[in-house]
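S.K.: Letter by letter, the chains look like this.
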Amino acid sequence: MPASEQRPQEDPKRLAEFEARIARGESIEPKDWMPERYRKQLVRMMSQHAHSEVVGMLPEGNWITRAPNLRRKMALLAKVQDEAGHGLYIYCGTETLGVDRQELVQQLLDGTAKYSSIFNYPTLTWADMGAIGWLVDGAAIVNQTMLAKASYGPYARAMVRICKEENFHKRQGFEIMTTLASGTPEQKAMAQDALDRWWWPSLMMFGPSDKDSPNSAELLKWRVKQKSNDELRQRFVNLTVAQAKAIGLEIPDPDLQYNEETEDWEFGPIDWDEFWRVVKGDGPCNRERLAARRQAHDEGAWVREAASAYAAKRADERAPSAA
Amino acid sequence: MANDSRGNGASGDSQWPLWEVFTQPPNGAPHEHAGSVHAVDAEHALQNARDVYARRNEAVSIWVVPSSVITASTPEDMGPFFDPANDKPYRHPQFYKVPRGIRM
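If you read the protein sequences in the order shown, they are chains A and B.
All residue numbers for the first sequence refer to numbering that gives the first Met the number 0, where the first residue is 0 and numbers rise by one.
All residue numbers for the second sequence refer to numbering that gives the first Met the number 0, where the first residue is 0 and numbers rise by one.
Be aware that one or more of the hints could be misleading.
In the EDC-like style, the derived pairs of lysine to aspartate or glutamate whose C-alpha atoms are separated by at most 16 Å in a straight line are [claimed, not checked]: (1) 163(A) <-> 57(B); (2) 226(A) <-> 209(A); (3) 30(A) <-> 76(B).
Stretches of chain A that chain B covers, calculated by requiring three or more beta carbons in the stretch to come under 8 Å of a beta carbon on chain B [as the list claims (entries may be wrong)]: (4) 80 to 93; (5) 305 to 311.
Just so you know, these hints were derived from the structure itself, not from any lab.
The structure presented is a predicted model; accordingly, all values stated were derived computationally and were not measured.
Heads up, the beta-carbon is just placed ideally off N, CA and C, and yes, glycines get one too.
Start from the sequences and build out the full structure, keeping to the hints where you can.
M.R.: Structure follows, in structure tokens:
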């Protein structure tokens, strides 16, 4: 958010009361007084999060029909269905802030809304289903576990529900990677290739480095977030390095090394130019994802119309005849 | 006061009216608010609620209620509305002294 954006004048007394509630760890609920900036930040963050769940269905949906066996196909279908559910949980949370879901969906279709850039990368092989579950859902869990303690009640509650479900996503992905990594040399190479392509975009999922993250200070101050982007990224790396080693895959970072003192796995520089390029719409699949979303929305129009028509007919049948 | 800040649009490419969803877990606990869904009518709301909030046998029963008919207390009233309870510590067991050494 540019610093020049005009901040609404808030009543200092109410603001102080609000911040005291945050400091006491109280949950902020939809009808409570809140600063306009808090509401705006939440709408921005929650709607982007909801859009990410929805767009996140596309890269994996691409492989449902080509899953290698029925067990994998059922798991992937269930996972993708969960992502739709997660999108709905968070849209429902966003609506408690007085925004209409229809408005948000429209912003996504218009291309004016943002969603997680990770979904603008292509899924080229079956191993990408493993890498996404393991890394992308793994990173999401690190982020969402923190958000489950967010100060805004409806957001926190949606996150609790989502975290419970996402562990299945991560494990099914890691199982795919484990199976491929212990398979033929070609299968292992396929797993390594997927890790090579998804590793850096997964680290970028945590957002810009703290010093370049314009929203972080405010989100931390109001306890929407409790950890900074860089802290969460480090936690994810620390968790994941051992998992890669355990299945004999190599993290594609020559600078990766363990720091005995901090007990952190220190990693090499992230290509932030690439990050901003994809955020601004020039990733490998930005256009394709939006086109697919619009097509699905348009092709689903008859379902929405039919449901409305059926409901109207039923209502007429139930209404006592005027005659 | 009704949940009047929430969307309830029903026109054109509509997202349909909003329903609040309450689910009861199988262990005998009471129904609890799970979230909301948009739906054309009650039957549709129940089906959507099942698909969104009960994909893993979390519920043995679901209630759906149009969001617009819920009456709720408001944060502004919170003090005076709840204060009859404030000066009645004798409603809590800790108010009563028990001789040392006796387990209750």
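S.K.: Compare the structure with each hint and give your call.
M.R.: Each hint tested on the structure:
1. 163(A) <-> 57(B): Distance ~12 Å between residue 163(A) and residue 57(B) Cα, so the pair holds.
2. 226(A) <-> 209(A): 10 Å, holds
3. 30(A) <-> 76(B): 11 Å, holds
4. 80 to 93: Our answer is that it holds, as 7 residues pass the Cβ test (under 8 Å) against chain B, meeting three.
5. 305 to 311: holds (count 4)
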